[in-house]
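There are 2 protein chains.
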Amino acid sequence: MNDVTLLILPQVRDLLEKEDREALRRALAEVHAADVADVIASLEEPQAAIVFESLTERQRVRTFEHLEETDQLRLLEALGRGKMIHIIEEMSSDDRADFIQALPERTADSILPLLAQAERNDVKRLVSYKERTAGALMTSEYASLPADVTVGEGLTRLRKIAPDKETIYYVFITDAERHLLGYTTLREMVLARPEQNISEVTRHPLISMSVDSDQEDVARTIQKYDFLALPIVDAENRLVGIVTHDDVIDVLEEEATEDVQRMGAVEPLDIPYLRAGFWQLLWRRGAWLLFLFVGELFTGTALRHYQATLELVLSLVFFLPVIISAGGNSGSQSATLIIRSLAVGEIHLRDWYRILGREIGMGLALGLFLGAIGYSRALMWGNGHLVALAVSLALVAMVIIGSLVGAMMPLLLKLCRLDPGVASSPFVASLVDVMGIVVYFNIARLLVL
Amino acid sequence: MNDVTLLILPQVRDLLEKEDREALRRALAEVHAADVADVIASLEEPQAAIVFESLTERQRVRTFEHLEETDQLRLLEALGRGKMIHIIEEMSSDDRADFIQALPERTADSILPLLAQAERNDVKRLVSYKERTAGALMTSEYASLPADVTVGEGLTRLRKIAPDKETIYYVFITDAERHLLGYTTLREMVLARPEQNISEVTRHPLISMSVDSDQEDVARTIQKYDFLALPIVDAENRLVGIVTHDDVIDVLEEEATEDVQRMGAVEPLDIPYLRAGFWQLLWRRGAWLLFLFVGELFTGTALRHYQATLELVLSLVFFLPVIISAGGNSGSQSATLIIRSLAVGEIHLRDWYRILGREIGMGLALGLFLGAIGYSRALMWGNGHLVALAVSLALVAMVIIGSLVGAMMPLLLKLCRLDPGVASSPFVASLVDVMGIVVYFNIARLLVL
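Protein chains in written order, with numbering that gives the first Met the number 0: chain Z, 0 to 448; chain P, 0 to 448.
One chain only, chain Z, in its complex shape:
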């Protein structure tokens, strides 16, 4: 909810109470559909449905497109299929396919036969593409023209088809079998003379992607070239749809959220935190927590191994958490830097040796720094020089080990074609905790006993 919604909502509630639908219509007439959607999402039934029904038809369609899936379903249930079917038919093709796909199967099956043939086929085709591919992201409502028309004729045709198209700013040039030949822009068509042939304003190079492409690759391509839309083709280079600039933002945001959640050791949620079911969230956290816990239990095994050492010099225990956490923290830093750089394409697997060199240097510098502080602290607590030396050497070693494990683990995961983001801070910390105990007590045994 933003400022606009906060401003309108009290007025809307007031008009709802007065049951003044005409005033409601007027109040919302000049409000952007994205804000109307926010208002509806903030209301309970039947108020939400009353507000929705008070909108103009065009606004209803646009507002419905802006709603979250749960709110869409709520309206569908409140208003019934009969009232909603026309809205669904008028939705833009990608939003409509997403909406149908999110419905419970029985509801979807009861709605599909009610749609007009063209829309029904469109939905069936779009939902057939695998999730997270260009096919699942694209809209089939692109503007296209044959190669042999003049610019003036092209503009006349565009005027006719424009109302049904997601964008007419990019116009794709195809042959009779829909093979993609090129593209032009409305800007260039408007700037050209009407009698020029469309081929004279066709742009090069033509960049397109396959319908099977990963959605993140599609988003990165649009980002790189600053496109408004990217043409999506099938295996025979036939134009099947376009992905538009606004989808890119949502895809990159979704991918960033997944990366962030993985890095915090949560299986990606796909839905907002407060909307996720308790058991769903429990499972996505519990699985990771269990995995990390079982790994961490090995610290107990390692410590038992050094029981004799501990019985002789109990004060070694006092530095245990600080040593293992120093390794975990430096590892977390390295993992974070490498995972994000991989995600945005700043580094690649082939850079591994440069990363390795850098992390060894970084780990050594940071380790010596913390080691020096650890040394003085140990002396201050009345330990001997040898215990202090063991603590500081263990700190140096652990910060180096942490940095290396943190930096190399994401690269290793990527090499195995796994998600580098799995190398979360807790995961790296668990890995180096056991190493920390082994390193620390071995150094201590050498120096102190």
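To be clear, the hints were calculated from the coordinates, so they are not data collected in a lab. Any given hint could be a false lead.
One copy or two, it doesn't matter: identical chains are merged, so the pair holds either way.
[Claimed, not checked] Under the rule of at most 30 Å between Cα atoms (straight-line distance), these lysine-lysine pairs were calculated in the DSS-like manner: (1) K223 <-> K82; (2) K129 <-> K223; (3) K164 <-> K223; (4) K17 <-> K123.
Following the hints, put chain P in place on chain Z, whose structure we already have.
Quick look at chain P alone, frame taken from chain Z:
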């Protein structure tokens, strides 16, 4: 570097070796400026400059805009100000301002006087806005029309000004003092009859933002409304620039990178990992590592406090890392979920009690789960029931405490108008480590001694 670049680069290197500039020009003529920029970034001097000089002038401008700051500076040094000044004049106004701002001050001072008056004033105005505001992000090359023209006349005017404008798809309607009155789109102008007045195709509602707005708010607004461009106004509602859709992606990506780095306990870098200087990176990691280390030293203080307990039951030590890490891991999960949800606007401060309730339930369920495993493990290691009970109760308590601290810390930071992302996994872990020791040994003293 992507597939296109990998494909072209060997050919470019080959032509450079043969010193065949004409073939080089032809080979790159149909390549997108973004890819040419990648090629140039992959080459050393003087090859990079040779490739740049072989481009058409239009391509040189677009390619230069796509280059990273360091590569821009490299070309400027290789080719000299004389050859570059025309390129700089032709750059789009936001890219030009960014370029000048990134230059060493002396270089910038030597270039500014060479620019034509209009461009010089434009740069001076744009660089005067504070970083990370709408003003620093916007371009002054928007298309605008007065309110009293017909659509046909408007299109004629647009044709004239189009070459200098970042986009003509959104056309802003202003009065003689540049006060923003509304906007229309090229689509609607093309669809309208030429004799209609422009006001008949002017859109409502008009959404604009102030020049001082935070860049993230600007990006979120464009994302929400799926705009191609958002008008930016000064305090008197005069149009001063527009922010376009492609800038949004870069802003959101930059903000996501910062969030991620903070969550891994690294001060945000602003530049790619491999380009960051060693000392620069060292400082951004070292500061956090030191802070966490000093915090973690209190675990030693706490452990010393329980020295007598440890001397009696040394085996309590074996479970120490696993108990404190369970708290840290569940805290890391909660912090990650809440920080990301706050960043994308899914939750707000006012939701705190719902979050609190949810995290208590989640912490209890997860804690009981880990506690049960911990109990059996303790028995298996030959500990008595009371030690096992202390371990499992400490686990339950720590997972709850971790979840609560992890979830509430970002909200608390936000309440204090600090960045919630500061509540990184290592930060939360450090906070709960000391609590873990206190909780564990107090439970153990009660049950075991």
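Comparing the hints with the structure gives:
Proximity of K223 to K82 under the C-alpha cut-off of 30 Å is restricted to the inter-copy arrangement: shortest distance 27 Å between copies versus 42 Å within a copy. For the homomeric pair K129 and K223, the shortest alpha-carbon distances inside one copy (24 Å) and between copies (26 Å) are both at most 30 Å. Taking identical chains as interchangeable, the C-alpha atoms of K164 and K223 lie at most 30 Å apart whether they share a chain (24 Å) or sit on different chains (20 Å). In this assembly of identical chains, K17 and K123 lie within 30 Å of each other by CA distance neither inside one copy nor across copies; the values are 43 Å within and 55 Å between.
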